[in-house]
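Generate the whole structure from the sequences, applying the supplied hints.
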Amino acid sequence: MPRWPWLILGVLLALAVVSGLAAGPISLGPADLLRALLGGPSAEGQAAMVVWSLRLPRLAAALLVGAALSAAGTSYQAMFRNPLVSPDILGASAGAGMGAALAILFGLPTLGIQAAAFAGGLAAVGLVTLVAGRVRRHDPVLVLVLAGIAIGTLFSAGISLAKVLADPTVQLPSITFWLLGGLSAATPGDVARAAPLVAAGLLPLLLLRHRVDLLTLSDEEAEALGEDVPRLRLTLIVAATLVTGASVAIAGIVGWVGLVVPHAARLLVGPRFARSLPAAVLLGAAFVAIADTLARSAAAIELPLGILTALVGAPAFLWLLARGGRSS
Amino acid sequence: MNRRTFLARLAALPLSRAVARSVAWSAGPMKAHIFGSLPAPGRVRRVFAAGPPAAVLAHVLAPDRLLGWPMQVPPEARAFLGPAVRERPFLGRLSGRGSTVPLEKLLALGPDLILDAGTVDATFLSAAESVHERTGIPYVLIPGRLSDSPWQLSETGRLLGAPERGAELAREAERLLAEAGEARRRAGARTPRVYVARGPDGLETVKAGSLNAESLALAGGESVADGPGGGVARVSFEQVAAWAPEIVLTQDAAFFASAPRDDRWRRLPALRAGRLHLVPRLPFGWLDEPPGVNRLVGLPWLASRLHGAAVGSDEPERVRAFHLAFYGFAPERPAFERLLAGS
Numbered sequence: 001m002p003r004w005p006w007l008i009l010g011v012l013l014a015l016a017v018v019s020g021l022a023a024g025p026i027s028l029g030p031a032d033l034l035r036a037l038l039g040g041p042s043a044e045g046q047a048a049m050v051v052w053s054l055r056l057p058r059l060a061a062a063l064l065v066g067a068a069l070s071a072a073g074t075s076y077q078a079m080f081r082n083p084l085v086s087p088d089i090l091g092a093s094a095g096a097g098m099g100a101a102l103a104i105l106f107g108l109p110t111l112g113i114q115a116a117a118f119a120g121g122l123a124a125v126g127l128v129t130l131v132a133g134r135v136r137r138h139d140p141v142l143v144l145v146l147a148g149i150a151i152g153t154l155f156s157a158g159i160s161l162a163k164v165l166a167d168p169t170v171q172l173p174s175i176t177f178w179l180l181g182g183l184s185a186a187t188p189g190d191v192a193r194a195a196p197l198v199a200a201g202l203l204p205l206l207l208l209r210h211r212v213d214l215l216t217l218s219d220e221e222a223e224a225l226g227e228d229v230p231r232l233r234l235t236l237i238v239a240a241t242l243v244t245g246a247s248v249a250i251a252g253i254v255g256w257v258g259l260v261v262p263h264a265a266r267l268l269v270g271p272r273f274a275r276s277l278p279a280a281v282l283l284g285a286a287f288v289a290i291a292d293t294l295a296r297s298a299a300a301i302e303l304p305l306g307i308l309t310a311l312v313g314a315p316a317f318l319w320l321l322a323r324g325g326r327s328s
Numbered sequence: 329m330n331r332r333t334f335l336a337r338l339a340a341l342p343l344s345r346a347v348a349r350s351v352a353w354s355a356g357p358m359k360a361h362i363f364g365s366l367p368a369p370g371r372v373r374r375v376f377a378a379g380p381p382a383a384v385l386a387h388v389l390a391p392d393r394l395l396g397w398p399m400q401v402p403p404e405a406r407a408f409l410g411p412a413v414r415e416r417p418f419l420g421r422l423s424g425r426g427s428t429v430p431l432e433k434l435l436a437l438g439p440d441l442i443l444d445a446g447t448v449d450a451t452f453l454s455a456a457e458s459v460h461e462r463t464g465i466p467y468v469l470i471p472g473r474l475s476d477s478p479w480q481l482s483e484t485g486r487l488l489g490a491p492e493r494g495a496e497l498a499r500e501a502e503r504l505l506a507e508a509g510e511a512r513r514r515a516g517a518r519t520p521r522v523y524v525a526r527g528p529d530g531l532e533t534v535k536a537g538s539l540n541a542e543s544l545a546l547a548g549g550e551s552v553a554d555g556p557g558g559g560v561a562r563v564s565f566e567q568v569a570a571w572a573p574e575i576v577l578t579q580d581a582a583f584f585a586s587a588p589r590d591d592r593w594r595r596l597p598a599l600r601a602g603r604l605h606l607v608p609r610l611p612f613g614w615l616d617e618p619p620g621v622n623r624l625v626g627l628p629w630l631a632s633r634l635h636g637a638a639v640g641s642d643e644p645e646r647v648r649a650f651h652l653a654f655y656g657f658a659p660e661r662p663a664f665e666r667l668l669a670g671s
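Line order of the protein sequences matches chains A and B.
Each step along the first sequence adds one to the number in this note's numbering, with nothing skipped, and position 145 is 145.
Each step along the second sequence adds one to the number in this note's numbering, with nothing skipped, and position 6 is 334.
Calculated directly from the structure, the hints in this document are not laboratory data.
Hints are supplied without guarantee of correctness; some may be wrong.
Chain A side only, calculated, beta carbon under 8 Å to chain B, not exhaustive [unchecked claim]:
no.: 1; residue: Ala-14
no.: 2; residue: Gly-24
no.: 3; residue: Gly-45
no.: 4; residue: Gly-107
no.: 5; residue: Thr-110
no.: 6; residue: Leu-127
no.: 7; residue: His-138
no.: 8; residue: Asp-167
no.: 9; residue: Pro-173
no.: 10; residue: Phe-177
no.: 11; residue: Leu-206
no.: 12; residue: Ala-298
no.: 13; residue: Ala-299
Rough simulated footprint, nothing fancy, chain B against chain A, three-plus residues with beta-carbon under 8 Å [claimed, not checked]:
no.: 14; stretch: 47–59
no.: 15; stretch: 145–155
no.: 16; stretch: 182–193
Estimated spans, in silico, between C-beta atoms of each pair [what the hints assert, rightly or not]:
no.: 17; chain 1: B; residue 1: Ala-495; chain 2: A; residue 2: Gln-46; range: 27 to 37 Å
no.: 18; chain 1: B; residue 1: Thr-428; chain 2: A; residue 2: Ala-298; range: 31 to 41 Å
no.: 19; chain 1: A; residue 1: Ala-298; chain 2: B; residue 2: Thr-519; range: 49 to 59 Å
no.: 20; chain 1: B; residue 1: Thr-451; chain 2: A; residue 2: Glu-44; range: 46 to 56 Å
no.: 21; chain 1: A; residue 1: Ala-115; chain 2: B; residue 2: Glu-415; range: 56 to 66 Å
no.: 22; chain 1: A; residue 1: Gly-133; chain 2: B; residue 2: Gln-400; range: 33 to 43 Å
Using N, Cα and C, we set each Cβ at its ideal position, and we do this for glycine too.
Take a look at the structure:
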């Protein structure tokens with residue numbers, strides 16, 4: 001197994017971290033930056049504040065969100081044996097969106113909105129698995145996907161209803177911005193709350209990494225090899241939902257990452273889940289961090305992260321696709 | 329519609345669009361856009377307000393004729409409204425594709441006219457024309473920004489059959505605008521740079537020159553955010569810190585409560601200097617929410633917060649006087665002291 005893909009990923013991640021720390025509307029030279037970093041969070045002065053309470057939390061949030069969405073996407077694509085699947089296939093984004101929209105409608109503070117978004121995502125996926133568990137006459141994967149689409153649609157309708165009821169001058173823009181996704185509000189507290197949840201979701205994925213490839217076989221074949229398929233599937237769903245829910249709660253809906261990063265990771269390190277998962281985690285983290293750096297430093301106003309991930313990701317993805325196609 | 333009239337309209341379409349556009353953007357004398365023939369002013373009994381600014385306009389001029397509210401009016405706002413309009417129902421709004429009132433319900437309500445106020449462009453005009461064509465109800469669009477409110481008040485007063493009331497409020501609006509202009513002139517070139525923190529996290533703001541920053545500009549302040557596109561934008565906290573605004577205004581009580589405790593916000597020079605102000609929003613917003621004549625009450629308040637100009641000796645009493653003049657009702661003084669708390 002060649003080492004260069006990991007080297008590329010490492011360099012990319014380092015680049016993302018450095019640019020994330022160095023770029024921003026307040027200009028800091030390399031010396032200021034280094035002094036602020038070494039001085040610790042309690043140091044006085046503007047540079048320390050910019051680095052420790054603005055850029056670092058935001059960078060950490062971006063890395064976390066990228067890693068989470070990519071891991072969830074990789075898991076779902078393996079589980080559903082379908083490369084078009086993204087983390088919101090089971091309605092997590094729609095559920096989180098409805099939770100957040102309702103919270104904004106009721107004028108809750110930021111923490112309440114995050115909690116509502118997280119709960120909404122969990123509720124949507126919980127409903128989907130509940131429904132899928134009751135239907136036994138069809139292929140379980142198909143039932144999951146269809147239930148996900150139906151429940152997702154239901155929650156999207158809820159979002160639309162909240163938008164109609166919202167005050168058009170103040171609440172409606174808030175809902176719209178939330179749905180566009182972004183990290184402009186990321187605080188150290190957000191990172192501290194989301195990180196354990198993402199870790200709790202990533203851990204089972206990493207521990208199960210060698211068994212997930214069995215899901216590419218049919219259920220009968222996998223069970224013949226001694227795998228408890230429904231159990232493994234449920235574990236993956238719970239883990240992926242946890243990381244997606246946590247990331248959506250702090251970043252809103254950031255599209256495209258969970259769909260495209262797993263592909264890019266597989267093109268780099270091959271299709272085996274045990275390798276593509278860590279590659280996707282690294283690549284996703286770097287990708288969202290770079291996109292977020294652009295989002296906050298390209299213009300005085302924030303560009304929504306979801307737009308940038310699509311603008312940067314789609315051409316890069318097409319390029320990778322063309323390149324990968326040639327070499328194979 | 330038969331084929332001939334359809335073709336005729338199709339041919340006239342580019343023309344009417346062009347006319348509408350020139351009307352919307354001409355700087356000439358203000359003029360109400362009217363679709364259909366209005367009943368004689370004295371015979372206007374039932375008015376449907378198409379949107380929140382129009383509802384406020386109709387409410388201050390002829391509260392007994394307003395059929396209901398196009399927006400949800402929460403109980404704490406209703407407490408500031410007179411008994412006549414306090415119990416009026418929520419009816420929904422009319423705004424093209426974003427309408428929430430079905431045309432059949434509109435017909436069932438039987439208004440003598442539909443009143444709309446605020447932004448007028450080709451989109452609004454064509455939507456108004458279409459509603460009028462389908463329902464036969466006369467549709468009046470009153471254009472204008474906050475600085476046009478004297479004209480809006482007198483013109484709408486005339487159309488609704490309350491010309492004296494319209495003239496009286498127009499004079500009052502004129503006075504408030506003149507005072508704001510005076511404060512602006514006194515401040516001279518020193519225009520305070522203001523950050524308007526919106527949304528629960530305070531990171532949505534209004535751009536200079538937008539409808540939402542209109543009263544701020546009239547009172548002699550300037551929004552630090554600038555740029556192309558619509559009125560509201562999302563920004564990063566680092567950008568706010570880089571702007572280093574002198575004053576932070578917010579309409580969000582939750583944000584107002586949390587910002588002084590937040591590690592980042594409380595370090596802003598404006599907050600350290602105690603210049604975070606909660607903009608009152610009852611019964612209607614003082615900055616926008618909605619962008620109607622309700623913003624007039626905010627002008628002296630803004631001038632005093634921006635330039636330290638004297639507000640007159642008794643601010644709650646002054647606000648109460650505005651309420652009595654415009655809304656025809658005002659609760660007792662403690663309600664206004666609560667309203668102004670934090671501002």
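Hints versus structure:
{"no.": "1", "hint": "Ala-14", "result": "22 Å, violated"}
{"no.": "2", "hint": "Gly-24", "result": "5 Å, holds"}
{"no.": "3", "hint": "Gly-45", "result": "11 Å, violated"}
{"no.": "4", "hint": "Gly-107", "result": "7 Å, holds"}
{"no.": "5", "hint": "Thr-110", "result": "5 Å, holds"}
{"no.": "6", "hint": "Leu-127", "result": "27 Å, violated"}
{"no.": "7", "hint": "His-138", "result": "38 Å, violated"}
{"no.": "8", "hint": "Asp-167", "result": "7 Å, holds"}
{"no.": "9", "hint": "Pro-173", "result": "4 Å, holds"}
{"no.": "10", "hint": "Phe-177", "result": "5 Å, holds"}
{"no.": "11", "hint": "Leu-206", "result": "32 Å, violated"}
{"no.": "12", "hint": "Ala-298", "result": "11 Å, violated"}
{"no.": "13", "hint": "Ala-299", "result": "7 Å, holds"}
{"no.": "14", "hint": "47–59", "result": "holds (count 6)"}
{"no.": "15", "hint": "145–155", "result": "violated (count 0)"}
{"no.": "16", "hint": "182–193", "result": "holds (count 5)"}
{"no.": "17", "hint": "B/Ala-495 <-> A/Gln-46: 27 to 37 Å", "result": "55 Å, violated"}
{"no.": "18", "hint": "B/Thr-428 <-> A/Ala-298: 31 to 41 Å", "result": "36 Å, holds"}
{"no.": "19", "hint": "A/Ala-298 <-> B/Thr-519: 49 to 59 Å", "result": "27 Å, violated"}
{"no.": "20", "hint": "B/Thr-451 <-> A/Glu-44: 46 to 56 Å", "result": "53 Å, holds"}
{"no.": "21", "hint": "A/Ala-115 <-> B/Glu-415: 56 to 66 Å", "result": "35 Å, violated"}
{"no.": "22", "hint": "A/Gly-133 <-> B/Gln-400: 33 to 43 Å", "result": "39 Å, holds"}
Hint check: violations occur at hints 1, 3, 6, 7, 11, 12, 15, 17, 19, 21; the rest are consistent with the structure.
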